[in-house]
Amino acid sequence: MYRKKLDHKISRRKFLATTTTTGAVLAVGASGFSNITHAADKTVKIGFLAPLTGPVSAWGKPGLDGCQIWAEHVNAAGGVKVGDDNYKIEFVAYDNEYDPGKARTGAAKLIKEDDVKFIMMLGGDTWPGVQPLAEKEGMLVSTLLPSDLTPDTKTLIAPCEVHPIYNVTGVEWLAENQPDAKRVVICAQDDALGTPSVATYLAAFEAAGMELVEEPLFFDPATTDFAPVMTKLLASKPDVLCLDTCYADYVHPLCEQAFQQDFKGTIISCTADFYPKIIDKTSKEFMEGFIFQFPDFDDPALNDERVNFANPNEFYAEYAQRYGAAEWSAVSWEYASIMDIWSDAAAAAGSVEPADVLKAMKASGLVKHAFGDAGWWGEELFGIDNAVVGNWPVVVIEDGKAVIKEYRSIPDWWAKHKDLMIKHFTALGQMWNQRA
Amino acid sequence: MLLEVKEIHVHYSKVAALKGVSIEVPSGGIVTIIGANGAGKSTMLRALSGLAPVSAGEIWFDGERIDGRPPEKIVARGIAQAPEGRRIFPDLTVEENLRTGAFLRSDKPEIEHDLDSVFGHFPRLKERRTQWAKTLSGGEQQMVAIGRALMSKPRLLLLDEPSMGLAPVLFQEIAAIVIEIVKGGVPVILVEQNAELALGLAKYAYVLETGRVSLEGAAEDLRENEHVRKAYLGG
Amino acid sequence: MPNRKTNLSSWALGTALVAGLIVLPHLLSFSQREIAVLLIINVLLVASYRLMTLTGEWSLGHVVIMGVGAYASALFSKSLGVPVPLSMLLGAGTAAGLAAILSFPLFRMKGFYFLIGSFAAGEVIRLIWKYFTNPFGGAKGLKLIPSFPDINLGFADISFFEPENYYYLCLVVVGLSLFILYRIEASRIGLTFHAIHWQDKLAEAVSVDTFRYRTLAFVLASFFAGLSGTLYAHYIGTVNPTRFDVEEMVYVLIWAIVGGTATFCGPILGVVVLTIINEIILRALGLDTVRPMIYGGILIASVLFLPDGLESLGPKLKRLFAGKRPSGQLEETT
Amino acid sequence: MGRVLAKVIATMSELLLQTMINAVYAASYMSLIAVGLVLIFGVMGVINFAHGELYMAGAYTVVGLYSFMALPFFAAVVAGMVFVGILGLLMEYALFRPLRDNPLGGLIASIGFLLILQTAAVLGFGVRMAHIKPPTQAKFHLMEGVVLTEQRLYVIMAAVGLLSALYVFLRKTKIGWAMRACAQDKEAAALQGISLNQISRIAMFIGAALAGVAGALTAPLVSPTPYMGHSVIVTAFIIIIVGGIGQLEGAVIAAILYAFVHTFVTTFYNGVLADIVGLVLMLLVLILKPTGLFGAKERA
Amino acid sequence: MTQPILEVRDLSRHFGGLVAVDKLNFSVQLGTIHGLIGPNGAGKTTTFNVISGFYAPTSGQVIYKGDDVSGMKTSALADIGLIRTFQGTTLFKEFTVIDNVRVGCHHMAKASFFSRITGLDRHIESAATAKAEETLEFFALSEFKDELAANLPHGHQRALGMAVALAADPQIILLDEPFTGMNPEETRHMMKLAHDVRDHGVTVMLVEHDMQAIMGLCERITVMNFGALLTEGTPDEVRSNPAVIEAYLGSAGDAA
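Residue numbers (this note's numbering), protein chains in the order written: chain A, 1 to 436; chain Z, 1 to 235; chain V, 1 to 334; chain W, 1 to 300; chain L, 1 to 256.
One or more hints might be untrue.
Only part of the chain A face toward chain V is listed, based on derived beta-carbon distances under 7 Å [what the hints assert, rightly or not]:
#: 1; residue: 52
#: 2; residue: 55
#: 3; residue: 95
#: 4; residue: 101
#: 5; residue: 105
#: 6; residue: 108
#: 7; residue: 113
#: 8; residue: 125
#: 9; residue: 191
#: 10; residue: 355
#: 11; residue: 427
#: 12; residue: 433
These are calculated hints, taken from the structure and not from any lab test.
Just so you know, these numbers come straight off a predicted model, no measurement behind them.
In this text, a Cβ means the ideal position worked out from N, Cα and C, and glycines have one as well.
With these hints in hand, go ahead and build the complete structure from the sequences.
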């Protein structure tokens, strides 16, 4: 693989680190990295098909920004070596406004007119609009939402975030470290992201021997006042409050409400974007021990050997400097990390053609996932092995700072408890063959 | 002349409502404008108050040109109108209705005085001063409309069809008050369909037919006029 | 009389328009053909909306009705195996049928209340889609909706997956629908709709059953809105509740009002012009993030400077070229 | 046994009380928004679709002045109120006045303005949520397990204070009468020398400023996003319909009714059902009494 | 006496606590011109609205041609020949004159939806247009046929209002304050039209508050006051009835 080829000369990470710093200096004079000519002689276009305006744009726009940084770094380093050629990466974005019809138009444009070799999508509502075209054109497409996967989606991969499966790692860690915390409540927004996540948490709690003391509480995605939600959740005096995969717009007010309504137990959540701001709104003490799944990218612990994402700390610094730390989110690095996996596969395949790249991806069996080496998986939940799972970090807030406590293995959990997961997925109608 | 209207034209979208009308109003007494429905009588008053756009011609009031000015500026100059259909504010009390008439005034003691004098004219309104105006009878509503117009301390009062929908007895009552108002020094332009009544009250009269003045003259002369008798006084 | 002349020129114009529409896909890029398909579907939607407004009632539930057609046709074809062309008719019929039922509570209201009532009814339908995962698929909606079957002509296989072919299919369906809508408007039914709009009491008094005619307008409009929904569903292959929410409805309102509602062509003009501006011109300028702002500015400018809609632009231009003053003043009115 | 029962009852009453407090808060900010919307509709006759975005603008004023520029919180709130009020004046002057005889045009223009405000917020602050450190974390324990935070108390106090002031203003001042007069009969009001332009300006300023202050005060509680207006506008519409369009008191009462129903259903059943109940409430009102619960009787 | 074409039996209509019409009884004979008068607020218009189906009666019956039609919809009543007009100039002002009357012909121009949009209704439509033209002729409005109704002089608009009603094939036509806002000349013209309509075989009933205007026109007059029947009789009987004078002029003496 191409990274290995690089390894014996100079580690890619170190190389990029130096280019980043020199680049940053150069960037003052030049308008950007892309202007710096290099040995690369060809360009490969990658489609970015996600909402860039409208209410869902928070899931698209920061990702595109991250990809631009990624492309500049890679191009500055000479591009991606495929066969004998060095390819520069160029992203072509199309704003699908989270509308399936516009997504189809965008996919048509990206494929037929821009000649892209790979399309990254947010997925969700927009994927079914693209699916027939992608299938017909054999276009390789990635999604951040693995619930898009079915046996029919042969060219769709979920190579970064296998939401919500990784949430089991946090629960497992919690059970091991706080054996007394038994009584759990859970709430989630009532949408395509919330429900499968609830199923996952239910399975994880059951596996850990924890007891759900209230039915899961679903609230409408348009909710702005979370006091009633929290009042209801806390009415049964739980030890553990699970926020499921709530968007940041919900996590913040939920935590704030939990704080104000005197919750004393542990909070577990999929995300905790901008947790320092939550601490501002609550207190350091209150947020101590908050468990979630997304590490800070300026966390030095990410420089761990097992982590495959290149220069997370520098990447974050660059991002924060350009777009502001407030724009950072998980999607900022996730799309970029998918590009890492893609370029590995393209290098291995010696081709940028979608079919070849997909074949190479699947052939290796081992994927250099952002948080460690991982494998293809998903048959039992999604009907197809097109999702990548491996280790996932468990992050805990300690003294006001998110700390990676452990990288836990999802496949290990799955091997022990998959029946529970299938049971809860089935109960909430989330199995691929239950979805319409 | 207090008011001089020179050859004004008014159009509603494409339909011409007034086609070159001229009238003059001296600084005392009642001038009446009579005519059939749709002849342009109300449009005339609306034009005077700035509610209808004057597309040609001029309106002069007390030496000042007022056509094209917004209604509030015209009220400020001293022209008040009790419009057709009374148009009182149903969800305001009687007193609040009357006080809106004094909207542009800031002479507080004077306003209180004028309010008392309106109540003097219309003792029935005094009894009902805190009642919602929508609960009043038709005649009482007409009183509110006239009282409200008086509250602006007008120098010219425009009355549009005050008899409409009122039993003759009630109108007699209102007519008596109008005479009182004129005696108090405020000239009145009275627009009426009921030509009999109007010509009985007024000094001078204009007959409006399809947007034009077809006849004008002293009210008593017009009462004798053949055409007027035939067209407006039932033979 | 200038009648013959206008007849001739309108014939020429019509022929040119039809010819233009037929060659259009060949002048467009692939993705623009995709846009053209969606546009022509929206043309039917907005034209059916105009029929609804003829009786003077403005609905905020029209897009949901479109969705009813889309969902119904998708379910008929996907779950019950009804052949797609038939399921499309059934879908449109379902939309019409639902409108007939809804007319009982809704036509107790008029004007602004009807506007709001139709919004509430639409929201309830959308909630039903969301909460009954079986059969509506919940918040994610339905996907893998069967597409329109390919036609084998022996010498050629016509795949309606291709935007160009689907464009022609839509052109035929929408063209026919527009013809019917136009005929309705030009017939006595249209006269009666207008009569109800301007003076419903008077219409009642001369034996027009206004409730029945309002219902008729609602049902007919819903049929064609539903039909546009089925065209959408079997092309895009997926429907979900968000696709038919009030924001989409606002776009239909915008198309109709910016285009102008006095004539049959106004709303169609609105959707065509605004779609071209938003989907082609603004995108081509690469203004992704600020696109909504510019679009908003265009909306404001259009209602401020063209209060009678884009349709009023035609006569204005004509007058300009004829060298006449924009509005004859006094001599016309005496 | 008895002690267990007593404990259950205590827990239940805690829950009930806490829920009441939650409902009072919800009613407060909703009525601030709904009353502004009603005021604008009453005087100018336009449905201001951008009202939710005015609320958003109020919230972002606090983001800018308090979070970024470190102004005192209440200074930022007042600035937000004034700034959004000025936005309202701008809308009145540039959009609603030229479109006075064209209510549908006013509606479309307000949608255009909504898109502009949203995009401006995205350009200025990004698509992600903004964060505001709350000025106070103080809270009052009304009893065991029943909490009212100071921040929420501000909102409640602002609603009570501003709406009472508005009530007094409308009932007791000349401008207030004039405003009500305009809402009832614009032409007759003009004949009293009331300038429709002036009254429209005042109504638009007050209406927008109320939305702005609601946004500014709740900003630390909701984490503003450029699209936050969307979720409040639908609720606001439901409220003004239940209350009777153009009825200020109706809007307040309907906001309270809606907030209590929604909050209690959320707490004792779930949030999804609460939305359905809200919509069904609106449909019922529309069918049974289309002029709203507190609207005038339909004139025969 | 023949069977009356229209009969009102113990008719009441309440609005909340307000009793607008109180146990009213009267009947209209076929082929007559019948007046319903009374001072303002006497309940004439409400009675009229109940008869024409705009309001349902609170109690009592409306008998038309022997059948109880109380509570029937206006359009259904119009279908069986009971047609009303409106106060003032209620017209389709945005339509041409001929289109106004064509809408009036709604009843006679029934056709299926299919034939409407395919144009197979042409013969029905041409019959309707012919009838509309004939009606315009009758009211001497033919020359304005293609004008917008809004552009007609006021008097002609009122005549057009009657034309629209007459096109709807009435057996009885209810005129709502047909003389309000007319000058004496126009009133005379209108009275002639009413006579012509009656001579056409249509029973005419009219509501007026101006007693003078209909004295010369009606064969019988029903007088209402405070929602109830005051008296009924020939114009002369009514004119000389002291109760009527009292109702109209308050206590008779001080009016003049």
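A quick look at each hint next to the structure:
Using the Cβ-Cβ criterion of 7 Å, the hint placing residue 52 of chain A at the interface with chain V is satisfied: the shortest such distance is roughly 5 Å. Nearest Cβ of chain V to the Cβ of residue 55 of chain A: about 9 Å, over the 7 Å cut. The hint is violated. At about 5 Å, the closest approach between the beta carbon of residue 95 of chain A and any beta carbon in chain V falls short of 7 Å, and the interface hint on this residue holds. Given hint, residue 101 of chain A at the interface with chain V, holds; its Cβ is 5 Å from that chain's nearest Cβ, closer than 7 Å.
Hint status for residue 105 of chain A relative to chain V: holds, with the closest Cβ pair at about 4 Å, below 7 Å. Evaluation of the residue 108 of chain A hint against chain V yields a held restraint, the C-beta minimum of about 5 Å falling below 7 Å. Look at residue 113 of chain A: its Cβ gets to within about 6 Å of chain V, closer than 7 Å, so that hint holds up. Given hint, residue 125 of chain A at the interface with chain V, holds; its Cβ is 5 Å from that chain's nearest Cβ, closer than 7 Å.
With its C-beta approaching chain V no nearer than about 5 Å, residue 191 of chain A sits inside the 7 Å limit, and its interface hint holds. A distance limit of 7 Å between C-beta atoms decides the matter here; for residue 355 of chain A the minimum to chain V is near 20 Å, and the interface restraint is violated. Interface restraint check for residue 427 of chain A: the shortest CB-CB distance to chain V comes to about 12 Å, outside 7 Å, so the restraint is violated. Evaluation of the residue 433 of chain A hint against chain V yields a violated restraint, the C-beta minimum of about 12 Å exceeding 7 Å.
In the structure shown, a violation is registered for the earlier hints numbered 2, 10, 11 and 12, in ascending order.
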